[in-house]
Every structure is written in structure tokens, then in C-alpha cells.
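All chains, full assembly: derive it from the sequences and hints.
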Amino acid sequence: MRHHRVSIPVVALVLALATCVVQGQGSTVDEIAKYRAALQDGNPAELWEARGAALWKDKRGPKNASLEPCDLGLGAGKVKGAYAELPRYFADADRVMDLETRIVWCMVTLQGYTEADAKRGPFGGPDRKADMEAYVAFVTSESRGIKMNVGQSHPKEQEAYRLGEKMFYFRGGTHDFACATCHGEDAKRIRLQDLPNLTQKAGAQKAYTTWPAYRVSQGELRSFQWRLNDCFRQQRFPELLFASDASIALTMFLARNANGAPFDAPSIKR
Amino acid sequence: MLPRPALVSVLVIAAAAAAILVGCATTPSDAQVSAKAAAVLKASFREQGQAKLDRLTQDDTQKTCSEYSGKALPKDIAERIEKGNLATIGWPADGKYLGDWKVGERIAQEGRGMQYSDDPKVAAGANCYACHQLAPQELSYGTIGPSLYQFGKVRGYTEENRKYAYGKIWNAEAYNACTNMPRFGHSGILNAQQVKDVVALLMDPDSPVNK
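Line by line, the protein sequences give chains A and B.
Here the working numbering runs 223 ahead of the position in the first sequence, where the first position is 1.
Read in the working numbering, the second sequence has 36 at position 54, and its numbers run on one by one without any break.
These are calculated hints, taken from the structure and not from any lab test.
All figures in this text were calculated on a predicted structure; none of them were measured in a lab.
Wrong hints could be hidden among the right ones.
To be verified - Footprint (simulated), chain A over chain B, 3 or more residues, beta carbon under 8 Å: (1) 35 to 43; (2) 75 to 86; (3) 89 to 100; (4) 107 to 114; (5) 163 to 171.
C-beta: ideal position from N, C-alpha, C; glycine also.
Below, the structure is given as C-alpha cells:
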């Protein structure tokens, strides 16, 4: 009997403490969800979209030409819906290109920039805004609401997909990390950050269709090339080169896995 | 029946046709795609800060585990990986496994280390909380790895368990082939003393992990 009088309060205390911990975490997750919901009120990505739309028409570069005739895959001058079908094979370049690689191609062929100049400084920072991120914001915004439909009809598109899949599972660096280490299982998180499972359709769709994004923590519009670049930094790999073949192959793998979902970016993220 | 020279030439033509078909019509093998992916990766990165291009050169464990990602790992291959990694563990010279749990907690919280954006002169953290629950006071923990709350209390504060924790942190591939967990000692992320400090976080009865 005496035994019970001691143990019941102890059990109650332990239960209360356990509940505290669970509630503590639950409320943290809830607060983050509220914060994310509040962000959806207004998206500064619109500023990048507007700047990109204006820059797209501007006559620029050694040839003093605009990017308007740029063929993003649906024909010269057609921007609407183009991003939902990228990456794709382009016969004029005889290779698979993602959006950024194609913009570089158009800056070289239409405006007369060197490839090195067209690729320089693709990501904005505190001191400078990157034109590339404005172009990307404009072009991607023109696919909002359009279903992802990335093809595999050309052998080089099939090859890019298979290479991207291998790269997704490639373990290396000091920590043996692959993309799959963090993005290969459902309902996992790093600290409190939820991780999309990019090997499943639902996860790939949700993640891919919400990039590019305005990152509140950085005050910048971030492209999918940036997303890959920064993932590899955290993976402890060297620096992924902008518009490199690996970046295009990985984008092909992830974009095609998102097929069928309406594209919904530029979005806003923490 | 065809005369002998004609038969030979038919066979030669058939063999040549088969060779052409194999060469043209088949898609590249899995191994060929893997080799090309590794080569394309190497050409797609540049060294930055402390992250040199040799980080893209896989050792046997990384290569094998990449190959079997998403597939069942055959038992003999798992054993080969575990045996090879077990042999590399740098066991403490003094035979002691327990360091200072307070230092271990700082190492477990620290996320910086080995990224090209990190200062190579500052000791790297292990970022344990990124993937594991440890001390219950820390609510911001990840779930890629199992909860380690009450690690020592549940398993028992034995010498054997201290040694296991040390070995696991030093080289997790020695105990669970193709685990997601980094090989902290083996890859030079933590030194022996730092591994001991993290062992203490898990195995010291005074550590908040065991409260």
C-alpha cells in the first residue's frame, strides 16, 4: 500500500514531464507552421519577376539585342509554359539544357556575350542583385499553374535522367553524404526542418514545383541552380559549377519525378 | 546444306550483325551509367576553401553503398564493409572511453565543420542533434537517426557499451553497413578526445541524456 502512495505521484510526474516535452515540441512545430502561413501574405519574389520581365526585353550585350526571341523549347519568343517542360534536349546545341543553361545559350547566341561572362555571378548577395535570378523569376512565373511535363523522348534526355539518378545516390565527401541521405525517406527532418522524400512522386512534386523561392532569411530570390549548389555545400562536397552537366542531370531527374503536378513558383520560404 | 565456305560467311555476317545490334540498340549498363555519372560529377565541381576535388573520389564503402542504394545489400558485401571498417577504428591508447559530457554536448550541438564555407582552423562539430534526439531539453532535433535519449540508462553503463559507442561514433560503417551516419573518427571530423566527449554525453550517468 505504502509502495503505491510513493509510486503513483512519481508516475504522474514522469507522465507530466513527458507530456511537457511532447507539447513543447508540438508547439514549436505549430509556431513554425503559423510563421510559414503568415509569409504567404505577400511575396517579394514579384519584384524579381517584374525586373526579369523588363530585363528580358532590354537590348543588352555586345550585339545590343534582347532575349525576346530566345527559344526555351516551345519555339522562338514563347515563354509561357516553357519552364514546365525543362530540362529538355535542344537540337541547335545538341544537348540537354535546364533553364539557366538555356538562358546562358541565348545570352551568347543572341546578345553576343562570352559563355564565361554569361555565367558570371549567377546568385545574388547582400551587395548585388543577380540578373540571372531575375530572368529565372520571370520565366518560371510564366509557368505558374501549368502541369510539369518533362519529356524523355530523346536518348540524351533518357541519359540525363539516368545520370541524375546515379548522382542522387552518389555518396562522397568527408561525411559520406548523398542527396538520398536526407531526401530518400518519408517524414524525416533535420533539426525541425522537414525534408521532402525526393524519391517518391509526392515529395518530388511538392519540392520541385516550389522552386525558385524568395528566401526570407536571405532576402534573395533563389533559383533551382542555387538550391543544388547550397545542398552540395552542406553535403561537404566541393562547389557545384553553375550550369554544369551534373546540375543539369540532377535537375532532369528531379523535374521529371515532379511530372503531373502544377508548377507553383516563385514561392516564398523561410 | 550450304557448302562450307558459304556457311562460314553466313555465320560471320550473323555474328557481325549481332555485334552491331548489341553495340547500337542496347541502353548503357548500370555500371556504365555509374562510371559516367562519377566522371561527369568530377567535371562539374571546383575546389572551394577546404573542400578539394578529392572529396568526389569514393572509397570502397562509398562506392559500394552508392551502388546498393535503394536495393537490398547482400549479406557477404555487408560483412566485407563492416569488417574492413572495423579494422580502421583508432581505439584510445589509454583504454578509456569516457570524456567530458559537457564538451560532448557542445560538439553534438555544433553544425559547422568541413563545409567549404567553414573556417578549417575551427574544430568541426558532429551536429548529432541534426539527426538524433539526445538531451530532452533540446527540442530542436532531427529524425534521420534513432532517438538516443537515455542511451546509457537503457543499455546499461557497462564497459562493453562504452566501447561500442566509441567505435560507432568513430566508424559507424563497422557496425551497420551503408548506414546514413558519417564516420566521424575515420574521416577526421573528430579526434579521439572529441569522440570520448560524445561517448560521455551518451554514457555518463550524469549526462542530461540519461536523466
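Verification of the hints:
With a threshold of 8 Å between beta carbons, the proposed coverage of the stretch 35 to 43 of chain B by chain A holds, since 6 of its residues qualify and at least three are required. Here the stretch 75 to 86 of chain B counts 0 residues with a CB under 8 Å from a CB of chain A, which misses the bar of 3, and the coverage is violated. For the stretch 89 to 100 of chain B, the stated coverage by chain A is satisfied: 4 residues place a CB nearer than 8 Å to a CB of that chain, which reaches the threshold of 3. Coverage of the stretch 107 to 114 of chain B by chain A holds [criterion: at least 3 residues with CB-CB distance below 8 Å; count 3].
With 5 residues carrying a beta carbon less than 8 Å from a beta carbon of chain A, the stretch 163 to 171 of chain B meets the three-residue requirement, and the given coverage holds.
When the structure is compared with the earlier hints, a violation turns up for hint 2 alone.
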